[in-house]
Amino acid sequence: MFEIKEGPNRELILTGRFDASQAEKAKTVFLGLSEGKTVDFSRLDYISSAGLGVLLAAQKRLSESGQSLRLINVSSHIRDVFHYSGFDQIFEIV
Amino acid sequence: MSGNFSRDLLALPQVFELVENFFANAMVDAKVRFPVELSVEEVFTNFVRHNAKGADRIGIRLRLDDDNLSIALTDYDAPRFDVTTEAPEPGIDEPLEKRKPGGLGLHLVKKMMDRIEYRHENGAGTVLLSKSVG
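Just so you know, the protein sequences line up as chains A and B, in that order.
Residue numbers for the first sequence follow the numbering used here, so the first one is 9 and each next one is one higher.
Residue numbers for the second sequence follow the numbering used here, so the first one is -7 and each next one is one higher.
Careful: at least some of the hints might be erroneous.
As the list claims (entries may be wrong) - Among chain A residues calculated to face chain B with C-beta under 7 Å, some are: (1) Ile12; (2) Pro16; (3) Thr23; (4) Asp27; (5) Ala28; (6) Ser29; (7) Ser57; (8) Ile80; (9) Ser83; (10) His85; (11) Tyr92; (12) Ser93.
To be verified - Computed beta-carbon distance windows for the label pairs: (13) Ser84/A to Pro80/B: 22 to 30 Å; (14) Gly74/A to Arg25/B: 20 to 28 Å; (15) Asp59/B to Gly74/A: 27 to 35 Å; (16) Lys45/B to Asn17/A: 22 to 30 Å; (17) Ser42/A to Asp57/B: 48 to 56 Å; (18) Arg41/B to Gly74/A: 45 to 53 Å; (19) Ser62/B to Thr36/A: 37 to 45 Å; (20) Ser124/B to Glu72/A: 27 to 35 Å.
Since the hints were made in silico from the structure, they are not lab data.
Idealized CB from N, CA, C, for every residue including glycine.
Using the sequences and the accompanying hints, generate a full structural model.
Below you can see the structure in the form of structure tokens.
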């Protein structure tokens, strides 16, 4: 199960498992963003390189207009994945 | 514990079910589950994406021998592609504008597993992963 919902402060809340079978669905949301967003990872259990690829594409696209994704409540095992990927250098992780 | 799966990303829930059943039966620290799930997904999706027209199903076997967890993923109808040497480097130190997603999955597998090997025999490609769980 994987869901993307908008929270009360217009943040994106990711829930469940962001694997390769969910990447196309997520792309439609992330590549449709027209402004920077906070993305809440507190309910995200799992992410693989397919999910990272979607986030990377969104970050690249937003950076063209000087905007970005900001990630909050990232669990330690997902933080490890961001570190191994070098994504901790290209995303603001709070 | 083993299973054979359709060459399709939509088979991932069944793949994860195999991993879940393995961890339900094996006495392994739950912290190992995430790197195992991720590594199995990355190799499985690599087979699906890079050999979409392969004829047979993809086999996955997990086993625990003392403190050594080993995983074998076999594409039974695959051209030779040594994932240990032929996968592109993901350029993890590159700035955002130069980053590309390619190669990231196998890079993560190499980081999370202790050992990765590749064999190609009789038209079948097998990726062997192992990790100490002691």
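These are the hints, each one checked on the structure:
1. This hint is violated: Ile12/A has a C-beta 18 Å from the nearest C-beta of chain B, more than the 7 Å allowed.
2. Among the interface hints, the one on Pro16/A is violated; its C-beta lies about 29 Å from the nearest C-beta in chain B, farther than the 7 Å criterion.
3. Annotation: interface hint on Thr23/A violated; nearest CB of chain B at approximately 16 Å, more than 7 Å.
4. The beta carbon of Asp27/A comes within 6 Å of a beta carbon in chain B, closer than 7 Å, and the hint placing it at the interface holds.
5. Against a cut-off of 7 Å between C-beta atoms, the interface hint on Ala28/A holds, since the closest Cβ of chain B lies about 5 Å away.
6. Annotation: Ser29/A was flagged as interfacial toward chain B, and the flag holds, the nearest CB pair being 5 Å apart, inside 7 Å.
7. Interface restraint check for Ser57/A: the shortest CB-CB distance to chain B comes to about 4 Å, inside 7 Å, so the restraint holds.
8. Violation of the interface hint for Ile80/A is found here, the shortest Cβ-Cβ separation to chain B being roughly 19 Å, above the 7 Å cut-off.
9. Interface restraint check for Ser83/A: the shortest CB-CB distance to chain B comes to about 9 Å, outside 7 Å, so the restraint is violated.
10. Checking His85/A against chain B: minimum C-beta separation of about 5 Å stays under 7 Å; hint holds.
11. The interface hint given for Tyr92/A holds, since its Cβ lies 4 Å from the closest Cβ of chain B, which is under the 7 Å cut-off.
12. The criterion of a C-beta within 7 Å of any C-beta in chain B is met by Ser93/A, whose closest approach is roughly 6 Å, and the hint holds.
13. Taking 22 to 30 Å as the suggested C-beta distance range, the pair Ser84/A and Pro80/B conforms, at roughly 28 Å.
14. At about 40 Å, the beta-carbon gap between Gly74/A and Arg25/B misses the expected band of 20 to 28 Å.
15. One distance hint, 27 to 35 Å for the beta-carbon pair Asp59/B and Gly74/A, is violated here, with the actual separation near 50 Å.
16. Checking the proposed 22 to 30 Å range against Lys45/B and Asn17/A shows it is violated: the Cβ atoms sit about 47 Å from each other.
17. In this structure the hint that Ser42/A and Asp57/B lie 48 to 56 Å apart at CB holds, the actual value being about 53 Å.
18. A hinted range of 45 to 53 Å is violated for the C-beta pair Arg41/B and Gly74/A, which are about 33 Å apart.
19. The hinted window of 37 to 45 Å between Ser62/B and Thr36/A holds, with their beta carbons roughly 38 Å apart.
20. At about 44 Å, the beta-carbon gap between Ser124/B and Glu72/A misses the expected band of 27 to 35 Å.
Violation of the numbered hints given earlier is confined to hints 1, 2, 3, 8, 9, 14, 15, 16, 18, 20; the remaining hints are satisfied by the structure.
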